[in-house]
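K.L.:
Given the coordinates of chain A, work out where chain B should sit on it, guided by the hints.
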Amino acid sequence: MSIPKDARHLFRFAILFVIAFVVFLVIRHFVVPKTFGEYGHYRGAAITEIAARPMHFAGHQKCETCHVDIGEAKKAGKHENVSCEACHGPLAQHADDPSIQPTKINTTEVCIRCHADSAAKPGVFPQIDPVQHSGGVPCETCHQPHNGL
Amino acid sequence: MSGVEGYMYPNEITLNWSVLIVLYPYITGLVAGAFILASLVRIFNVKAVAPTYRLALLTALSFLLVAPLPLQLHLGHPLRSPEMYFTPHSTSAMAMFGFVYLWYLMAVLVFEIWLDYRSDIVHLSQTSTGWKRTLYRAMTLGSDNISPRSLAIDHKVGWIVTLVGIPSAFILHGYVGFIFGSLKANPWWNSPLMPVVFLFSAMVSGIAAVLLLYMGISKLRKTPVDMPCVDTIAMYLFYIFILDFSLEMLDLVHRVYEADESFRTLNFMVHTKLYFSQIVLQICLGTLVPIFLLAITQVKKLPELVRRRIYIVSGFLVQLGVFAMRWNVVIGGQLFSKSFLGYTTYKMSLVTKEGLFAAIALTVLPLVILWILVKLLPPWDKEAQASIPAATAAN
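Protein sequence lines, in the order shown, are assigned to chains A and B. Sequential numbering of the first sequence, starting at 1, is according to our numbering. Sequential numbering of the second sequence, starting at 1001, is according to our numbering.
In isolation and in its complexed conformation, chain A is listed as follows:
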């Protein structure tokens, strides 16, 4: 089918669109990762890459295999469901090699992450104004952090 002479300029404009679309597809081919969309709206290879990264957290079961007494104390108190590393930080290296000693945590800073007074928390949740309550004295001076007393 021949294009009428007086409508050819319209086809030139249409060709511009086609060229732009082809350029878009070419760029897309190079910039979109090959595994994008394999499992969902993300890069599929990201899963294996993330899985290959070194472990930082050991998990509370591993902690409790050595620190049995602490594990028992935790089970008896209100911190039963708080994982060890939630307060002590990631300790996979220490769990693999006990000679690597973790840094002792500063309870004055760590405890108020959860227990600082905030109206957004339920009223029954124990919370304090750190300055008025202890004035900078470490929490474990009076409390037993592992069983939450």
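Do not take every clue at face value.
[Unchecked claim] From chain A, some residues computed to sit far from chain B (all C-beta separations above 10 Å):
1) Met55
2) Phe57
3) Gly123
4) Asn147
[Unchecked claim] When the alpha-carbon atoms are kept at most 30 Å apart in a straight line, the in silico DSSO-like pairs for lysine-lysine are as follows:
5) Lys1156/B x Lys5/A
6) Lys5/A x Lys1132/B
7) Lys1338/B x Lys1273/B
8) Lys1301/B x Lys1047/B
9) Lys1184/B x Lys121/A
10) Lys1273/B x Lys1184/B
These are calculated hints, taken from the structure and not from any lab test. Since this is a predicted model, take the numbers as computed values, not measurements. Built from N, CA and C at the ideal position, the CB exists for glycine as well.
P.N.:
For chain B alone, kept in the frame of chain A given last:
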């Protein structure tokens, strides 16, 4: 806490959406409104507004080019924005908007402007020199066929493009209202009327903007203002404004009548923090006063000079009112807590990425682009303008 009254959740204290997010729907609204004014000539055969047809198209293009910039500045990482096109997510309204934007920019506005200006471009490519000649030659796409038949084909295709452009303009701006209206978590925004209200206010602001630009450019060029043209634009502005105001009042009355659990909080906010921007600026100065002024021009025969002054004052008040409406939606929706127990304050910065100066620069930028476009593609070619109604009539 400074600026906070009552109780706010911690993530509500500082507003995430700044004045730039106010500017964004305001600018897209101007685009949609200007295009609707242009469609009056093409589709609805309103010959009286033909002198503003090309200016309306160029205005729409200038503002459309700037429309995504407030979002880019707000989000940062502009190199990430093409991802929206490369890996679009069908459930993201923003991602889908990217395609609507691109479609509207290229398949509607640029195409329609090219079709309408083609004979001028061919003529300019033959008469200009230097880089302008090269530019115009590139814009002809290598075709200098401006035979009567080819121009008639252009007009017919242009008519179809405008016809497709009207729903596209509606989608472009309706989407902005849709984004806010579909947010279930925020009672200030969550309303099915939101897209419609946004759309009508967009038409009002866009038509008023072209009216102001036309009168301003006529003044600068020292050419007489085509009074039948501005009178007709003012008439359409008045009627669409009435519809817009009715819809906004319908939304308000519905909220008052429904009086859900958020009502006391929102009502308190309107009477305190938003009193000036909503009651004074948006409703009184930005809506009732211009409607009253425009109504006078519809029912009373006034001298030309008085009419022109009324149109200018109304046009500026409309811009103020519509901007205040966007402000009240975007900023107002973030001032109260989801707990309905407290309010925060928006303090606009001056020289930051999302401050007042950035907002002013983004408001001026479309006018600079328009100035360049007007220099390149003068919209006041009388012969070309005269051909539009003739061609429209031929359809």
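K.L.:
Hint by hint, say whether it matches the structure.
P.N.:
Taking the hints in turn, this is what the structure says about them:
no., hint, in the structure
1, Met55, "holds (30 Å)"
2, Phe57, "holds (26 Å)"
3, Gly123, "holds (13 Å)"
4, Asn147, "holds (29 Å)"
5, Lys1156/B x Lys5/A, "holds (16 Å)"
6, Lys5/A x Lys1132/B, "holds (27 Å)"
7, Lys1338/B x Lys1273/B, "holds (16 Å)"
8, Lys1301/B x Lys1047/B, "holds (22 Å)"
9, Lys1184/B x Lys121/A, "holds (24 Å)"
10, Lys1273/B x Lys1184/B, "holds (23 Å)"
Comparing the model with each earlier hint shows no violations; every hint is respected.
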